[in-house]
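Novice: Sequence:
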Amino acid sequence: MNSNRRKRRENVDRRSSMKRRSALVSSAYLRTLFIGVGISLFIAAGYLLLQEYELIPDRLIVDRVVLDDLSSQQSLEFTLTLYGDTNEVDKQQIEEVVKNATVDGMLALDVVALQKSLEKLPWIYSVKARRVLPDKIDVWITEQQPVVIWGDRGYLNVEGELFEPASFTLANAKQKFSLPTINAPLNVTQQQNSVSLYNKFDRFKKILLEDVSSKAIIEQMVVDKRGAIHLLLTDGLELNLGRRWMERRLTRWVKHSKVILERFNKNGGGEVKLVDLRYERGVAIEFTGKG
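Number 259 in the numbering used here belongs to position 266 of the sequence shown; there are no gaps in the numbering.
A portion of the hints provided could be inaccurate.
In the PhoX-like style, the derived pairs of lysine-lysine whose C-alpha atoms are separated by at most 20 Å in a straight line are [unchecked claim]:
#, residue 1, residue 2
1, LYS109, LYS121
2, LYS113, LYS92
3, LYS198, LYS251
By construction, these hints were calculated from the structure, which means they are not laboratory data.
Please construct the entire structure, taking both the sequences and the accompanying hints into account.
Specialist: Set out below in structure tokens:
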């Protein structure tokens, strides 16, 4: 009897011991798994961060002169490292801004003020700056992306915001970038109106893309003093949208343009030059002469 009880207790103890060992192994495995996942996430986050800020910087060495005491001057060299797109950015302007920001030394550098000063430069869309003591400044630059030429003043970016490089000329802009143009009178060239007009331009562009029969896109959008809009397309056709219901008129034109153009261009009276879309139940068409 006693021998049987001892054997049963030994069997129970063995089973309990095996369960405890199994639980310890499972716990260690889970800890290892969590640590591995954490390390993987950390590596992935670091990789994405490095991808965002592009690890091929342009390096500028900036020489500074600072006062060591009232009777002598000491030369101090620090490294300014630029990350990101710097195709159009004037690096000398960046250097001058950094010099002015560090006139009282690295310890006194106001990084936030430096960022705001750099963002005022015409080709810079956004900036992130970092001071690395004792002798380094890192600057990450996102350059402006021009999508439209705004009259003879400058460019609009992807948000319709106007930026005006000091070296801008209309001739150089057209030669350098293959961009459409928005021409508007002076009384509508304020920033909020540039955004509003760009939004209209963008909607017109999308409507025209629905016309699969034509590859023409907007080359120029002209706004007159009354707010009426004309579109000049890359195939030479001009569309008069008027002041009201412009998107509806353009959508109607896209729906029927193929039939209308094929009919009138084959009629022998010359190519269609201008289409006036202001009429509710039709359009007025002007032709080019055949010479």
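Novice: Hints first: check each against the structure and report whether it holds.
Specialist: Against the structure, the hints:
no. : hint            : result
1   : LYS109 x LYS121 : 9 Å, holds
2   : LYS113 x LYS92  : 16 Å, holds
3   : LYS198 x LYS251 : 17 Å, holds
Violated hints: none; the structure is consistent with every hint.
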